[in-house]
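Chain by chain, the residues:
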Amino acid sequence: MTGFGIVGGGPVIPNFGQGSTCEKNGGWFCTEWVREHWGDTLQPALVQHIELTVIAISVGFAVASLLALVGFRWRFVDPPLGAFSDFLYAIPSLALFQLLVPFTGLTVTTVEIALISYTLFILYRNMIAGLRGVPAETLEVARGMGLTRVQTFFRVELPLAAPVVLGGLRIATVSTISIATVAAFVIPKGLGEPILTGLQESFGTEILAASLLAIFLGLAADGLIALFQRRVTPWSRLT
Amino acid sequence: MIVGDSFTPGTFVDAFRFIADNASLMLDKTGETAELSFAALGVALLLSLPVGLWLGHRHRGLSVALGVATLGRALPIIALIAIFITLFGTIGFWVNMPALVVLAIPPLLTNSYFGVEGVDRDVVEAARGMGLEEPQILSRVELPLGLPLLLAGVRLAAVFVIATATIAGTVGGGGLGEIIANQASYGLSGVLAAALCVSALALLTAFVIGLAQRAASRRMAPRA
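In the order they appear, the protein sequences are chains A and B.
My numbering puts the first sequence at residues 1 to 239.
My numbering puts the second sequence at residues 1 to 224.
Treat the hints with care, as some may be off.
[Unchecked claim] Derived, one-sided and incomplete: chain B residues facing chain A with beta-carbon distance under 10 Å: (1) W54; (2) L55; (3) A69; (4) A82; (5) I83; (6) G118; (7) G129; (8) I162; (9) T170; (10) S185; (11) L192; (12) A194; (13) A195; (14) L201; (15) V208.
[What the hints assert, rightly or not] Covered stretches of chain B (in silico footprint by chain A; criterion: 3 or more residues with CB under 8 Å from a CB of chain A, positions within the stretch not fixed): (16) 75-81; (17) 171-184.
No lab work stands behind these hints, which were simulated from the structure alone.
Here a beta-carbon is modelled for each residue, glycine too, at the ideal position from N, C-alpha and C.
One chain only, chain B, in its complex shape (with noise of 0.2 Å):
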């Protein structure tokens, strides 16, 4: 639980010596997190990616997208997780690992599904019109064309299970979450240490994810 403690500017000092002195601590924690985080996301990617971009192809299931999306924003992730533990009766990787999956696959279903939906009929009609497979108009034509939008909502994806991976940590989930909920042992430095270093985690995430969407975009952006 929280305990209250005094916070000075000096704590912003403090949590970065606490990350130089148990860098190696540190180093282990946010390597958890990261590991959890990926995992689902992996995860995710293989099951919504699929149905996303299929459903996108044929134009079809608007409502199953756009519902999906609202359902996983409606889903608490400490509900989910204590549901699976319930099921599953034990606790630690294997129950926060599916929790996260849960909630990463809206954001990449949605926009799967919006990326490819939203490619302009008349290029895959002409894709047609060359004797393209359907297969193939979507490998081709409507994967490298959607792919920035999808790219974003990986990035949406990323970021959200890492913040979120740390909630874990308060059930067992090891990594950075362990400290942040555990103010008593690690002190407000400590856990200010922790904040910063899954922010971090997430924001180089998104970064390097970022420079992919640009690449993305920037490869399929009509030519002068």
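Chain A with its partners taken away, still in its complex shape (with noise of 0.2 Å):
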């Protein structure tokens, strides 16, 4: 919350600083505004949100793969998972991070836990689909040719699921940089703050320019994730 000064010990007085004539008329976005705050407002909470997201997208990633080998490896772990990920995703995630925060407090571990469970079941069920989805002829070449069955799953299969792992990673990126912003009403940080202070003090400039900032931002995730794919699966013809 900037703006608000307290002048020794007397009343709390608001203190709107020197805005320009465009936010004293009630504009509904300020260039000026956007341009003065950038650095100490608007810049800060895009690095944080970065941050939020890439720690929640790797830490995901790292226990879905986890989780994918045993559901690939062990069919009967797949069904409960599964059932528990549709659970997941009915529970809203306010509610999500209001019910962790007796456990691990106001904290980014409480943000972090909450955005890992809603990535962690879109990576595995596109990890679990993409190595089923390898067709059984191939597989049955592959072992024609005598490969063995670690073989088989690091040179046939894994590449195979490759593309469709990766197209999971894009919406699971993108959805993450979406839900980051509710975490605003755990802890301080990310584009939901500006979102969240601009509601408050009813200021519109502050809303759009984040809310811009946030959408900008996932869209350019998936559109980096993209190139990546074509670039590392120059076989899959997925989109």
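Both chains are sitting in their own frames, so use the hints and assemble them into the complex.
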């Protein structure tokens, strides 16, 4: 919350600063404000948002890989995990954040646990779908060529599953960037913070600027992973 | 804002007791959430189905369908609600409903598109050869065959909208979100109770649509 000053011991007097004419007239988007507060509000929020996302995605990817290996090897693990992920998605993100607070407090850990649980299952589902999607004939050919089970996994199944796995990574990343805005209800971090502040102060510019940043961040991340996908798995026919 | 409160296994018991003690309140709030969610879902269906089905029928606009899906995922709900509040200058149902509509459109649009687009082209050719008009092909051949995938999209959108509708409660949208966002007065057991009600509503809706989905795919399965 910027713009509030405490005058030595006396009553708290809101100090609205030296706003531009646009702000004083309640214009719905003031470019001057964005220019002035890029350094102290928007940029830090953007960096925090990226941090929140990167941590959630990397931990989520690691855990999902382990789960997927187990679920792929032992099929009976798969249905309960699927049912659990259905249940998880039916829990509102706000409630999930709140239910974790008594355990982990108003901390980054709380936010990350919630974000990781959401990404985890998007990634897990795509990994399993990718691995199971390898045609039986292809596996037959691999066996015919004398590849062992481990060789088949690393040289045939994994490369063929890669496009689907990366597709899941795109979905998970974009969704996480979007859900991470809700984190601002728990900790004053990320792009959700300027949005909530803007709401409290009925200041449209801050809301719009932060929202647009969040949307662009999501789309940029999607584009980047799509490029990576095309570079790394040129054999994929999926876009 | 969220207040730290101690969570014990007893909180779960308290949550169920909370539901029992405040049955009429919980019913009211669940009703409000359901009303908001289903209204948004209905409007989103009306807007996205015609477009998705027609594009799928014409086998056009793949990039539109995929682009809308990505854009939809990238739009944060709080951002949408906040933007609508600034634009409309008001809060409540008429701000939250349109925001949820925007969120529900992507899964509905993409699934109706891919449901119709994925129908075997030979089947469509056969129907055309039998002299069916284009709208008839869409309504009698492609729609029934694409229905399972379309309903999967409806299910996804419904769960998503119901779970997200609670965020609306934090900005004067009423419903269960009001309880979830107000731990100070309802306590942790109240929050947990409300979360359980949202999840129950979402899972129940998903279950009912899942039944319809199963019926639709069984009807279209080749008979032995």
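Original post:
Which numbered hints turn out to be false for this structure?
Top reply: The structure breaks hints 1, 2, 6, 7, 10 and 15; every other hint is satisfied.
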